[in-house]
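**Student:** Chains as they are written, first to last, in the numbering used here: chain A, 6 to 525; chain B, 4 to 430.
If you're looking for bench data, these hints aren't it; they were derived computationally from the structure.
All values derive from a computational prediction rather than experimental measurement.
Please note: incorrect hints may appear among the correct ones.
Said to hold, decoys possible - Keeping only pairs whose Cα atoms sit at most 30 angstroms apart, straight-line, the calculated DSBU-like set for lysine-lysine is: (1) B:LYS159 to A:LYS302; (2) A:LYS302 to A:LYS354; (3) A:LYS102 to A:LYS361; (4) A:LYS155 to A:LYS130; (5) A:LYS390 to A:LYS102; (6) B:LYS345 to B:LYS159; (7) A:LYS361 to A:LYS302; (8) A:LYS302 to B:LYS421; (9) A:LYS309 to A:LYS354; (10) A:LYS302 to B:LYS345; (11) B:LYS159 to A:LYS309; (12) A:LYS334 to A:LYS419.
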Amino acid sequence: MASIRRSLVALLALLVVAVLGVVPSYASSHREAPLTAADPQIDSTDMYAFVSPDSPDTVTMISNWIPFESPAGGPNFYPWAPGVHYDINIDNNGDAKPDITYRWVFTNHYRNPNTFLMNTGPVSKLTDTTLNFYQTYDLTEINGRTGATKTLLANAISAPSNVGAASMPDYASLRNQAIVPFDNGSSKSFVGQADDPFFLDLRIFDLLYGANLKEAGHDTLDGYNVNVMALQVPKSALASSGNATTNPIVGIWTTAERQSIRTEASNGTEHSSGPFVQVSRLGQPLVNEVVAPVGAKDLFNGSKPANDAQFLKAVQDPEVPKLIQSVYKIKAPATPRNDLVEVFLTGIKGLNQPPKVVPSEELRLNMSIPPTAVPNRLGVIGGDKAGFPNGRRLTDDVVDIALRVMEGELLGTKTGLGDGVDSNDVPFETTFPYVALPHSGSFVAAPPVAPAAKTVTLTKNRGVSTPLTAGIGAGALILGALIVWLIKRRPGPPEAEEEAAPEAEVHHVRTPRPRRASGE
Amino acid sequence: MLRAIIRTAGLLRGPAVLVAFCLTAACVRPSLQAAPAAVRDRGGIGAIQQRLRSVPADWQAWAGLGASYVQEARRTGDPTYYPKADEALRRSLHIRPTDNADAMIGLGALAAARHDFVGALSWGDRARAIDPYSSSTYGVIGDALVELGRYKEAFKAIQHMVDLQPGLASYARVSYVLELQGDTSGATAAMKMAADAASNPSDSAFADYYLGELYWNSGRTDDAARMYTQSNEHDATYVPALQGLAKVRAARGDLPRAVAGYEDVVARFPLPQYVGELADVATAAGQPALATDERGLLDIQRKLFRANGVNVDLDEAVFDADHHIGRDRGLDAARREWARRKSIVVADALAWALHANGRDHEALTYARTALRLGTRSALFFFHEGMIERSLGLRTDAHADLSRAASINRNFSFVWGPKLPSLIASVR
Numbered sequence: 006m007a008s009i010r011r012s013l014v015a016l017l018a019l020l021v022v023a024v025l026g027v028v029p030s031y032a033s034s035h036r037e038a039p040l041t042a043a044d045p046q047i048d049s050t051d052m053y054a055f056v057s058p059d060s061p062d063t064v065t066m067i068s069n070w071i072p073f074e075s076p077a078g079g080p081n082f083y084p085w086a087p088g089v090h091y092d093i094n095i096d097n098n099g100d101a102k103p104d105i106t107y108r109w110v111f112t113n114h115y116r117n118p119n120t121f122l123m124n125t126g127p128v129s130k131l132t133d134t135t136l137n138f139y140q141t142y143d144l145t146e147i148n149g150r151t152g153a154t155k156t157l158l159a160n161a162i163s164a165p166s167n168v169g170a171a172s173m174p175d176y177a178s179l180r181n182q183a184i185v186p187f188d189n190g191s192s193k194s195f196v197g198q199a200d201d202p203f204f205l206d207l208r209i210f211d212l213l214y215g216a217n218l219k220e221a222g223h224d225t226l227d228g229y230n231v232n233v234m235a236l237q238v239p240k241s242a243l244a245s246s247g248n249a250t251t252n253p254i255v256g257i258w259t260t261a262e263r264q265s266i267r268t269e270a271s272n273g274t275e276h277s278s279g280p281f282v283q284v285s286r287l288g289q290p291l292v293n294e295v296v297a298p299v300g301a302k303d304l305f306n307g308s309k310p311a312n313d314a315q316f317l318k319a320v321q322d323p324e325v326p327k328l329i330q331s332v333y334k335i336k337a338p339a340t341p342r343n344d345l346v347e348v349f350l351t352g353i354k355g356l357n358q359p360p361k362v363v364p365s366e367e368l369r370l371n372m373s374i375p376p377t378a379v380p381n382r383l384g385v386i387g388g389d390k391a392g393f394p395n396g397r398r399l400t401d402d403v404v405d406i407a408l409r410v411m412e413g414e415l416l417g418t419k420t421g422l423g424d425g426v427d428s429n430d431v432p433f434e435t436t437f438p439y440v441a442l443p444h445s446g447s448f449v450a451a452p453p454v455a456p457a458a459k460t461v462t463l464t465k466n467r468g469v470s471t472p473l474t475a476g477i478g479a480g481a482l483i484l485g486a487l488i489v490w491l492i493k494r495r496p497g498p499p500e501a502e503e504e505a506a507p508e509a510e511v512h513h514v515r516t517p518r519p520r521r522a523s524g525e
Numbered sequence: 004m005l006r007a008i009i010r011t012a013g014l015l016r017g018p019a020v021l022v023a024f025c026l027t028a029a030c031v032r033p034s035l036q037a038a039p040a041a042v043r044d045r046g047g048i049g050a051i052q053q054r055l056r057s058v059p060a061d062w063q064a065w066a067g068l069g070a071s072y073v074q075e076a077r078r079t080g081d082p083t084y085y086p087k088a089d090e091a092l093r094r095s096l097h098i099r100p101t102d103n104a105d106a107m108i109g110l111g112a113l114a115a116a117r118h119d120f121v122g123a124l125s126w127g128d129r130a131r132a133i134d135p136y137s138s139s140t141y142g143v144i145g146d147a148l149v150e151l152g153r154y155k156e157a158f159k160a161i162q163h164m165v166d167l168q169p170g171l172a173s174y175a176r177v178s179y180v181l182e183l184q185g186d187t188s189g190a191t192a193a194m195k196m197a198a199d200a201a202s203n204p205s206d207s208a209f210a211d212y213y214l215g216e217l218y219w220n221s222g223r224t225d226d227a228a229r230m231y232t233q234s235n236e237h238d239a240t241y242v243p244a245l246q247g248l249a250k251v252r253a254a255r256g257d258l259p260r261a262v263a264g265y266e267d268v269v270a271r272f273p274l275p276q277y278v279g280e281l282a283d284v285a286t287a288a289g290q291p292a293l294a295t296d297e298r299g300l301l302d303i304q305r306k307l308f309r310a311n312g313v314n315v316d317l318d319e320a321v322f323d324a325d326h327h328i329g330r331d332r333g334l335d336a337a338r339r340e341w342a343r344r345k346s347i348v349v350a351d352a353l354a355w356a357l358h359a360n361g362r363d364h365e366a367l368t369y370a371r372t373a374l375r376l377g378t379r380s381a382l383f384f385f386h387e388g389m390i391e392r393s394l395g396l397r398t399d400a401h402a403d404l405s406r407a408a409s410i411n412r413n414f415s416f417v418w419g420p421k422l423p424s425l426i427a428s429v430r
């Protein structure tokens, strides 16, 4: 009997396994559930905040979620998690507590309840019945001091994932329909999908694990999308007492909260729900990579800025420079690193440090610094005070900045470190919401491959990987191995024009700050 | 101000969690770290493998790979993932032996998958000592405690899990413990929250299937069918959904297609539970030859499993008692399992095996033990009712058998159809 034969073949496979000492378990009595289900919907990837270049009386905040959205993500694509509190928090007096919280809460809608498919035909308007699945959001402003809430937007529509040209022939139009003004047109909200604006070569971090990599300088996030909530509000809406002139410095971070639930059986008809629990937190970029210790990731994601003193040691005595020293022989700056305390916890004195700051990890923005016409990707260490770590613009090269700062840029040590990726794979837009349109679902990208011109060879020397700089084609960006000493060791200045600025201006940026003896 | 911070720092030098730093690409984007645990397909596992070829010392990636394998085995039912999981997790632990909670959580999940619940609990406890903020740790601990029948501690662990990290993994567990306590509406609400929190097709298929099971176990066949169908649409390779659809066909009287559905399920995974159900459906469909074949297969299967150290005691006890075959053997099996763990599921199996051997007084004690949490299980009430019937407790038997019928008359292909006449017999 055919079914018996098929079964026996499968059994044989099981037997082979059993011989290897495995115990398959398929008793009906044993419930197995995923243990650590990925939860990208509450995974905050990046937070941006900057004075709007085309509307300098306003600030734009962009909060990104759901990393590594492959454009071909059907059939579910990338909805927001319904019911979750997606928050942008503002601390406008430096006390490490949210004074204003902007909260987005999403609701799912199916126009045809018999299918969960995103669309049932071409979509040209967000209100088309062919857009079967869509999400609306309520945007609420919460006063952190009084708890008072104010509904800014109700039932606004989020732009759907870009499922492809056949289904959404004019995606740009769908995006525009999702840009919603409020407060008499003084503010704007956009929620939807976009190209992931973060650019970096993730593998720089692998080098410290002894990775044997033959290429570098590839934007790991090239071709990926992300979910975006963008908000543009007048500076006065963020400033303490509504006065952005006297109180121009704000600290910003995102959080997400999911609702807990009780394990006790309820005797009534209603199940007992629990409190909302913070499951995600993000202010400055790369904090989880260069500051938060391993094993403390969940701790950090559930923590409040007001308790950030617990991370102080990690900031003052960071591991990254030590690893770089052990692998690449670049001397780690002396500890404790009070320069990093300013960058990560208090803001830089004279630039974006509030007068009475409680140390806490926030993306701090001095709103009084006007936008730069031609932003320097290196931001403050590039002499451009309108960029990271004074807020963060889409074009700021935070990996290079963070690496250089970790290696003592603010202490006067120039390393020129970088990952070889200096800009995003696609250009940003010049108007709100600034992020680029998402990659289309009908385009399935080939796996990323570093261009041959960028290939470099790593050599081994006494078991230590030594990066060598590469020969670069004319006009190409500087690339080396993953970490290179561009300024010090390279003759010839393909990047000289840009790099000249930080050399000249960094001392200006390095405002005086208290120095402490290392024993203190 | 700085002075104050530095003073604080001195006080904070203690915590071990602040020692090491996250440097892997897997940490740069949290999802890279999370992804392995819920990798959708072999492509995902392939990506981690590729990463490990370039960064073989990445202990977190090894742990993630191991967890992915355990998850894949759960999702596809393919046990060849288990030795791979074991190897990857132990490799991670070898590279980073001391503060490697990730690997310990993975090893705990693996032990549970192999029905070594004591071992799972031990790994969970070790992981908790390292990272008390990881919700997965409490998942490992809670799962093991549930299977060991230590419910009070289990519910506490799962409450802690969901309070640390509300999400699909914790909502699904809360749903299960509410179901065990007989709170079907609460269990359904929790599983709907899990479905809402699902972020990929395989997790959606999982949550929808268990929503279907909650409806099925409440006798809501049409609602169950809807959820099994949806589960299957999310992930056509998810076998439990196929089993759900097959049993819906049987419940609706479409026995030939039910048999065909079960043959497909069994061809994919010849698991004892599925093979036994196929035999029962074939009997009901008037295909005794097929039923005999499948029972023969089941016998071979058990011998193979047992010869290789696989614990199939529980399945054997229930099946044998149902079919009045190998009664002593079934009872021995149930007693062995009861010695290992005192869960309500094992209590029920032991009660039924005792009943099959005519030891109904003893059986009734275990039948009541099985119902001690208030679980709304048609099977448990049926077993209790049958034991009471044998003891001449007609009123109790009538109440319990009627209750079984009112909860879910499709709870068994063998007994479901006989339920009305059994109830009539104790009127």
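**Student:** State for each hint whether it applies.
**Tutor:** Against the structure, the hints come out as follows:
1. This hinted pair checks out: LYS159 (chain B) and LYS302 (chain A) have alpha carbons roughly 23 angstroms apart, not beyond 30 angstroms.
2. In summary, the hint linking LYS302 (chain A) to LYS354 (chain A) is supported, as the alpha carbons are separated by about 28 angstroms, within the 30 angstroms threshold.
3. For the proposed pair LYS102 (chain A) and LYS361 (chain A), the alpha carbon gap of about 13 angstroms is at most 30 angstroms, so the pair holds.
4. Proposed proximity of LYS155 (chain A) and LYS130 (chain A) is supported: the alpha carbons are some 29 angstroms apart, at most 30 angstroms.
5. For the suggested pair LYS390 (chain A) and LYS102 (chain A), the alpha carbons sit about 25 angstroms apart, so the restraint of at most 30 angstroms is met.
6. Proposed proximity of LYS345 (chain B) and LYS159 (chain B) is supported: the alpha carbons are some 18 angstroms apart, at most 30 angstroms.
7. With a C-alpha separation of about 28 angstroms, the suggested pair LYS361 (chain A) and LYS302 (chain A) falls inside the 30 angstroms cut-off, and the hint holds.
8. At roughly 56 angstroms between alpha-carbon atoms, LYS302 (chain A) and LYS421 (chain B) are farther apart than 30 angstroms, so this suggested pair is violated.
9. The straight-line distance between the Cα atoms of LYS309 (chain A) and LYS354 (chain A) is roughly 23 angstroms, inside the 30 angstroms bound, and the hint therefore holds.
10. Only pairs whose Cα atoms come within 30 angstroms are accepted, and LYS302 (chain A) paired with LYS345 (chain B) is rejected, the gap being roughly 36 angstroms.
11. Between LYS159 (chain B) and LYS309 (chain A) the CA atoms are separated by roughly 25 angstroms; this keeps the pair inside 30 angstroms, and the hint holds.
12. Proximity of LYS334 (chain A) to LYS419 (chain A) is assessed by CA-CA distance (about 15 angstroms); at most 30 angstroms being required, the pair is judged to hold.
Violated hints for the displayed structure, listed by number in ascending order: 8, 10.
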